[in-house]
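A.B. asks: Protein chains in written order, with my numbering: chain E, 188 to 343; chain W, 12 to 622.
To be clear, the hints were calculated from the coordinates, so they are not data collected in a lab.
Fair warning: there could be bad hints in the mix.
[Stated by the list, open to error] Taking lysine-lysine and the DSS-like style, the derived pairs with C-alpha atoms no more than 27 Å apart in a straight line are:
| id | chain 1 | residue 1 | chain 2 | residue 2 |
| --- | --- | --- | --- | --- |
| 1 | W | K409 | W | K496 |
| 2 | W | K441 | W | K500 |
| 3 | W | K61 | E | K281 |
| 4 | W | K428 | W | K441 |
| 5 | E | K220 | W | K61 |
| 6 | W | K441 | E | K220 |
| 7 | W | K605 | W | K500 |
| 8 | W | K496 | W | K441 |
What you are looking at is a predicted structure, and each value in this text was computed from that prediction instead of being measured.
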Amino acid sequence: MTRIVYIVDDDSSMREALARLLGTMGLRAEAFKTPQEFLHAKRSDAPSCLVLDVRLPGLSGLDLQRELANTDPPIQIVFITAHGDIPMTVQALKAGAVDFLTKPFRDQQLLDAVRQAINRDRAARRQWADLAELRRRYESLTQREREVMPLVVIGC
Amino acid sequence: MRIVFGLAVALTLVSARAEPLPRTILLLDEDTPIYPWFRQMSEAFYATIKTETANPPFVFIENLGIDAYATDDYFNILRSHFREKYRNKAIGVIVSNASRYLPYTLRLRDELWPGTPVVLAGIQERRAARLSLPSNVTGFTFRHQLQDIVATADALIPGLKRVVLAGSRIQRGGWRQDFLDDLPDVRARFEVIDLTDLSLAELRQRLTELPGDSAVVYVGFSTDVTGERFLPAEASQIVAEAANRPTFVDSETFIGAGSIGGLVISPGGIGRVAARFALRILDGENASDIPITNREEILRPVFDWRQLQRWGISENRLPVGSEVRFRSPTAWEQYRWEIILISAVLVLQSLLIGGLFYEHRRRRQAEVEASRRMAELAHMNRSAAIGEMSASIAHEIKQPLAAIVTNADAGLRLLAKDAPDVEEATRALKSIVGSGYRASQVVETIRAMLKKEIANRTLVDINDAIREVLTLVHIELDEHEVLTKATLKEGLPRVMADPVQLQQVIFNLVRNAIEAMSSTAAGVRILQLRSESTETGECIVAIEDSGPGIEPEALKRIFEPFFTSKSKGMGMGLSICRSIVEAHGGRLSAASAKPRGAIFEISLPLPQERP
């Protein structure tokens with residue numbers, strides 16, 4: 188399955204360069220200029236991650252991270268910034284970011300981070316899918332079957 | 012003759028006598044009214060008559076002048092004179108102080124006013140004892156002894172050994188005749204120096220040479236050996252002033268004329284007692300029934316405060332009940348209000364001065380504080396501005412750099428593929444070129460931004476700018492114990508500049524200098540500021556420190572952005588300074604100073620003089 192990397196960066200040349208670099212790795216890049224554009228876009232079910240610039244017009248990268256925390260499964264984020272400081276980094280990582288890269292960064296740094304993020308996403312998706320299947324099966328049970336099931340589980 | 016006072020005679024009498032006495036008094040004085048003795052006596056007599064009865068009798072006064080004219084002829088003349096004078100005037104009581112000439116007085120009474128009661132006003136005790144008095148005569152006595160005077164002197168003068176008698180010769184029949192009897196007793200205890208048989212000139216001379224353990228007793232001076240006459244009261248002054256030792260006197264009339272005083276006979280006291288005797292008789296008492304008694308109140312210890320001061324005699328030594336006269340009021344007594352006023356003014360003035368000093372101090376502290384805060388603020392502004400600016404410069408430049416790096420990485424990967432994607436790699440490289448230009452544009456924009464700030468150009472007095480900076484940093488200079496030497500050339504033409512930016516440059520350089528000298532020993536931290544103009548039409552401002560100087564390697568790079576030798580700092584200060592100076596068309600250069608330290612020189616073009 189095609190892996191997708193979403194990019195949110197207000198700098199067009201940076202978006203273009205990132206997409207190009209990620210493309211060389213067989214990753215599909217979808218770039219957005221603003222967080223709003225990203226939020227409104229329809230996302231694929233394919234394993235994916237988000238490369239997110241911190242300093243953005245309007246909603247900042249960290250704000251967007253907070254917005255996305257409630258999606259299910261939560262999207263994995265790799266932060267990039269031209270001017271990062273320690274509090275900013277700590278905040279991002281605590282909120283579940285995969286990595287925090289300072290511009291300019293080496294291609295390998297980005298690729299490692301993106302790969303890690305996609306792997307995490309894939310695992311999360313699998314877990315989520317399993318859970319969904321279980322939920323589907325459970326829902327297929329009749330009322331009576333649902334009453335019996337807990338007893339079966341505990342081995343009565 | 013003189014009549015002092017008259018009042019209607021009242022005839023209401025409460026008396027055992029069949030026929031009440033006429034309410035008149037004849038006061039006979041043996042001498043002339045010129046003597047203070049008579050004045051004091053008669054005034055006290057008259058005052059007592061007036062105040063001690065509701066019905067004061069009429070008083071006739073006669074000064075007999077016997078001392079000068081004691082002859083039978085004189086008596087006859089006097090008698091006929093009085094007979095005529097008092098022909099129609101009844102006399103109730105005769106008061107006489109003619110103690111020495113008592114027979115003379117009594118004879119007058121017997122011949123002119125037979126049977127009229129007589130009051131003898133003040134007779135010396137011992138003289139009275141020798142008298143045999145006719146009927147209807149009463150009176151009172153007082154004690155008058157040389158021993159008493161000497162005892163007073165002895166009490167006042169510690170270690171008294173000699174008593175000097177100064178005055179006329181003491182004669183039998185004279186007022187002080189009994190002193191002759193007292194002398195042996197005095198001689199038994201003291202050495203007596205008798206100066207009573209001299210001319211006034213000799214007496215005065217002798218009085219100046221008295222030994223230190225002596226005291227003078229003035230015994231009256233009316234006639235000296237040459238026959239010259241004196242008023243005893245006046246002579247007492249001559250004696251007291253001439254004497255090199257304190258002079259003691261025996262009469263109140265001598266007080267206040269240079270003598271120290273002593274146990275004195277008070278004529279006023281005699282006058283008062285005599286008046287009371289006369290009133291008693293007029294009120295009906297029989298003169299013969301009133302015994303002659305001694306009256307102690309006539310003898311009083313009276314002293315002259317000025318003389319006590321002169322001879323250094325403490326008032327503690329004075330006899331109990333002494334009266335001290337002529338006490339000069341203390342400065343406080345004399346000038347109380349003036350002193351209070353002046354003190355109040357002084358206190359107010361002091362308070363005012365104190366207040367002003369306090370205010371001055373507070374103001375100075377406030378100024379120092381304000382100045383310190385201003386310097387802090389200036390520093391903070393500068394730091395904040397530089398910090399913010401550097402952050403945005405970094406962001407603006409890193410953004411295209413990141414795109415360049417990422418594109419380059421992507422390009423490398425595209426070309427490294429088994430089937431290199433040249434087309435896409437070309438696009439990446441084109442993008443890199445674009446980003447490179449962009450980065451360059453960012454730098455250009457920053458430069459333009461800096462240039463744009465130099466719009467506020469006016470003609471600036473460079474020396475004023477330097478002085479203002481020094482005012483701004485003087486606290487810091489003091490704190491770091493930096494000695495500042497400013498050699499500012501007066502009359503420099505003004506330069507066209509943005510005053511704030513120019514000051515910012517000087518401020519920066521001065522602060523750098525202070526920081527550079529932080530490792531220098533406290534005594535040799537010297538900041539030198541110099542302004543001058545060159546022949547090439549430039550204005551130079553040099554800022555020199557005595558710090559460790561600049562390494563030759565560092566000197567080359569010192570104006571580069573982000574180059575810094577400090578642990579703190581962005582390394583932007585000098586680069587900004589240089590760009591500001593250059594924007595003004597000038598130069599900023601750095602060099603090592605001799606023997607140590609660094610020197611920064613700002614040179615600014617002077618405006619061309621227009622013809």
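A.B. asks: Are any of the numbered hints broken by this structure? If so, which, sorted upward?
C.D. replies: As far as the earlier hints go, 1, 2, 3, 5 and 8 are violated by this structure, in ascending order.
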